[in-house]
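A.B. asks: The chain contents come next:
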Amino acid sequence: MLRNIDKVSGIDKISTRSRMNDATFITLSMLGVLIVLLGLACLFVPNFYLGQNIINLVTNYWFVIVLGIGVTFLLITGNFDMSVSGIVAMSGVLSVYFCQAAHVSQSELANGLGLPYWAAIVLALTASLIIGAINAFFITKLKVASIIVTLGTMSIARGIAHIVTHGAQRNTSLPDVFKVIGNITVIGSIKLSVIIMIIFVIIAVIIEKRTVFGRRTYLIGANIEAARLSGVKVGQHLTILYLISSLLAGITGILLASEYVSGTSNRAMGSEFDALVIVLLGGTSIAGGFGSVSGTVIGALILAVVTSSATGLLLRPEWQFILKGIVTFLAIMAQRFALDRRNI
Amino acid sequence: MSEYVLEIKNLIMDFPGVRAVNDVSFNIKRNTVHCLVGENGAGKSTLIKILTGAYIKTSGTILLNGKEYIAHNTREAKQKGISTLFQELNIVNQLTVEENLTLGIEDTFMGFLKKTDKIKKMIGILKSLEPSINPKQLVSSLSVAKKQIVEIAKAVATEADIIIMDEPTAALSENEIQRLFKIIKSLREKNVTVIYISHRLDEIFELGDYVTVMRDGKHIATKPVSEVKDRCELIKMMIGKTLFESYIPKETQSSQTLLEVKNLTTDKLNNISFEIKKGEIVGFYGLVGAGKTEIARAVFGADSYRGEIIFKGKKLYNSPDKTIEAGIALVPEERRSQGLFTVLTIRENISVMNMQKISRAGFINHIKEKNVSAEYINKLRIVTNTMEKQVSKLSGGNQQKVVFSKCLFADSDLLILDEPTRGIDVGAKSEIYNIIRQLSKEGKSIMMLSSELPEIVNICDRIFILFDGDMKAEIKNSSDIDCEEIIHIATGGEVVC
Numbered sequence: 018m019l020r021n022i023d024k025v026s027g028i029d030k031i032s033t034r035s036r037m038n039d040a041t042f043i044t045l046s047m048l049g050v051l052i053v054l055l056g057l058a059c060l061f062v063p064n065f066y067l068g069q070n071i072i073n074l075v076t077n078y079w080f081v082i083v084l085g086i087g088v089t090f091l092l093i094t095g096n097f098d099m100s101v102s103g104i105v106a107m108s109g110v111l112s113v114y115f116c117q118a119a120h121v122s123q124s125e126l127a128n129g130l131g132l133p134y135w136a137a138i139v140l141a142l143t144a145s146l147i148i149g150a151i152n153a154f155f156i157t158k159l160k161v162a163s164i165i166v167t168l169g170t171m172s173i174a175r176g177i178a179h180i181v182t183h184g185a186q187r188n189t190s191l192p193d194v195f196k197v198i199g200n201i202t203v204i205g206s207i208k209l210s211v212i213i214m215i216i217f218v219i220i221a222v223i224i225e226k227r228t229v230f231g232r233r234t235y236l237i238g239a240n241i242e243a244a245r246l247s248g249v250k251v252g253q254h255l256t257i258l259y260l261i262s263s264l265l266a267g268i269t270g271i272l273l274a275s276e277y278v279s280g281t282s283n284r285a286m287g288s289e290f291d292a293l294v295i296v297l298l299g300g301t302s303i304a305g306g307f308g309s310v311s312g313t314v315i316g317a318l319i320l321a322v323v324t325s326s327a328t329g330l331l332l333r334p335e336w337q338f339i340l341k342g343i344v345t346f347l348a349i350m351a352q353r354f355a356l357d358r359r360n361i
Numbered sequence: 003m004s005e006y007v008l009e010i011k012n013l014i015m016d017f018p019g020v021r022a023v024n025d026v027s028f029n030i031k032r033n034t035v036h037c038l039v040g041e042n043g044a045g046k047s048t049l050i051k052i053l054t055g056a057y058i059k060t061s062g063t064i065l066l067n068g069k070e071y072i073a074h075n076t077r078e079a080k081q082k083g084i085s086t087l088f089q090e091l092n093i094v095n096q097l098t099v100e101e102n103l104t105l106g107i108e109d110t111f112m113g114f115l116k117k118t119d120k121i122k123k124m125i126g127i128l129k130s131l132e133p134s135i136n137p138k139q140l141v142s143s144l145s146v147a148k149k150q151i152v153e154i155a156k157a158v159a160t161e162a163d164i165i166i167m168d169e170p171t172a173a174l175s176e177n178e179i180q181r182l183f184k185i186i187k188s189l190r191e192k193n194v195t196v197i198y199i200s201h202r203l204d205e206i207f208e209l210g211d212y213v214t215v216m217r218d219g220k221h222i223a224t225k226p227v228s229e230v231k232d233r234c235e236l237i238k239m240m241i242g243k244t245l246f247e248s249y250i251p252k253e254t255q256s257s258q259t260l261l262e263v264k265n266l267t268t269d270k271l272n273n274i275s276f277e278i279k280k281g282e283i284v285g286f287y288g289l290v291g292a293g294k295t296e297i298a299r300a301v302f303g304a305d306s307y308r309g310e311i312i313f314k315g316k317k318l319y320n321s322p323d324k325t326i327e328a329g330i331a332l333v334p335e336e337r338r339s340q341g342l343f344t345v346l347t348i349r350e351n352i353s354v355m356n357m358q359k360i361s362r363a364g365f366i367n368h369i370k371e372k373n374v375s376a377e378y379i380n381k382l383r384i385v386t387n388t389m390e391k392q393v394s395k396l397s398g399g400n401q402q403k404v405v406f407s408k409c410l411f412a413d414s415d416l417l418i419l420d421e422p423t424r425g426i427d428v429g430a431k432s433e434i435y436n437i438i439r440q441l442s443k444e445g446k447s448i449m450m451l452s453s454e455l456p457e458i459v460n461i462c463d464r465i466f467i468l469f470d471g472d473m474k475a476e477i478k479n480s481s482d483i484d485c486e487e488i489i490h491i492a493t494g495g496e497v498v499c
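Which chain is which? The protein sequence lines are D and F, in order.
Start counting the first sequence at 18; every next residue gets the next number (the working numbering).
Start counting the second sequence at 3; every next residue gets the next number (the working numbering).
So here's chain D without its partners, still in its complex pose:
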């Protein structure tokens, strides 16, 4: 890189080297934490080191990571998206409802609209995008705080799921094609959903690091007024991000519904919190302007290792919530401590 600078004639050399920047520093230190935790788990948790267990770690968390991508980008701009879990439930339930056969049963929950599966997917995603658009409208046009708006739409989206399923689930009279995408395995025993997650992560990292769009995301988070006065179309940018986030949640909902061959109103309950936790664990700052998708992936793995080794250590699963809370606090404190040390 430096050599290219030297080629430009008439310009003195200005170093492009720097101390590692804070974002990289945090990502690497969280990677260190992950490796240490993984080592401890392998030592102390029975059977943890088995290859299948490690793969399960990733595969069980694929959908939180997909949600985390949208949440990361938004949090970098200084905005929350709590609506993702509601959208997951809604889009899953709608994808079932739209392609359940019509007029086949006495039971209301067994009757759907009888549309082809592709049409059901398109409509479920459209509904998800509408929720994203509502988020964007209230946040960018009416300047309502994002956490309030998205908590509201979370409730609305989940409410739609509840109404369509009468508060339960729909899992009958579905075409055979319905269960394919969520259960098909591609390489060895890895599910298609996991591959989709990996592809999304790669695309997101490229957008974040290499594109003007990614750069503008950071600019908005770093200083929204300066961004506006520098010609960034802030409202348009946030709208796109909310649409992307809701689209990712919609896709997640369809994949999960297919995996379990059912549309359940309580699907992914609390996953908006999990998504936020892994984003924070990955070093993204609530203050905005700072963070990365690769950090989010590491955050997801840390949370996965902690919760699954706790289960392995015979802690009852009910303890997971408290454990997540403690991990979150410890991680945030450790980051603050590390950053303060560094910037003395």
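Honestly, the hints are just simulated from the structure, not real lab data.
Quick caveat: nothing in here was measured; it's all calculated off a predicted structure.
If a hint is listed, it holds; no wrong ones were tucked in.
Sample of chain D residues facing chain F (criterion: CB under 8 angstroms; computed from the structure):
#: 1; residue: 38
#: 2; residue: 229
#: 3; residue: 232
#: 4; residue: 235
#: 5; residue: 239
#: 6; residue: 240
#: 7; residue: 242
#: 8; residue: 247
#: 9; residue: 248
#: 10; residue: 306
#: 11; residue: 307
Restraint ranges, calculated between C-beta atoms of paired labels, are given here:
#: 12; chain 1: D; residue 1: 41; chain 2: F; residue 2: 145; range: 49 to 59 angstroms
#: 13; chain 1: D; residue 1: 287; chain 2: F; residue 2: 429; range: 53 to 63 angstroms
#: 14; chain 1: D; residue 1: 303; chain 2: F; residue 2: 114; range: 30 to 40 angstroms
#: 15; chain 1: D; residue 1: 222; chain 2: F; residue 2: 385; range: 28 to 38 angstroms
Glycine residues also receive a C-beta, built at the ideal position from the N, C-alpha and C atoms.
Use these hints to put chain F onto chain D, whose structure you have.
C.D. replies: Just chain F now, with coordinates in the frame of chain D:
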């Protein structure tokens, strides 16, 4: 007790690269209204900030009632007897007048509020100042003027020796100003000395007993207002003689009109119209609050307005991204909150306004971006060892150069500079003036808005003078320009031509 309530001796205040208060000595007589005047950067606000405890003096002595005085914060200053009426009032809107008066000094019994004589006494003082205020009223329902009176009452009740008033009339109507003046005059009988700061010179003659003039951090004079002949004498003391020599008139003037503003009107501005030609440096001079920033932001499309703004023959859209595309860039008034992304690096800041130039199909070309940053760091001599440095870690002058780099890289034909040298040291200032002159030579037009007269008369070809949202006068710059006349108009004097 001595005749003087406050004695300042050899006061010095140093900031990195600047001596803001330079060996200042003067005394303030008890129970008088003492006015403090001077241009921006004269050192008034620094002096006041030392008195209120915002800054700690470098050296020198301050005696309050004959005793050594030092304060580390406003609270301590208040306890020692110096209260301040800031422009941003220190008052809680959600409480009643009475609650505000006793806020922080309530009498309590086991944590419960007690009604005591203190409240009665305070209300008595408030009534004597302004009978129309109901103590049970919510403060949010009061006008700015009445809120000020509540604060003054509180200061009087807490037995302040001195009340500092910083531009108290800036947000008041004519009637309210008269009422405030009456109250200020009555404070003398209440054993209170007032230090009064205002840019509006007429107020000083109406209100002041004594006036102290400061210039470039130095004390110029302190005398009874009755001994000051007229505004002219004050203005002469404020601006001195030797400042304005370096304006070099341009040999050729382009006749091509670049920007045309017709009847620009907003809440603050009344029917502003002007033109800017290609390659011209046009200055807008006026006091704080005269409407300079409002003009800048309207032309740039950052605020809404009525009227017409035509650039290169086309009407401008009211949106910064469109304005930048059309060829206008803004160096905003507040560089940290409006101009810079301080948590990001120099490199990331410089490229912001012209991402197309360093990207293809939406992908950033990092090599191009680094070359561009290196180019501007060299061209504007930004002092840094690497372009990957966080902007927050640069000095004020270097930060401002990053803002300039950002705007220059936008490659625009018109640069709007709002207070381009605020808060930066003398060396960086003159470098920025050179950059501005160079740009004008390259055919770029500059619209410079400043409340510092020296820089306006140093580099601008034409000067517009603003007062209270009105365009008062247009003056062509020349080496024998009448600075006194300019200040006279900008401080609210009549235009005589």
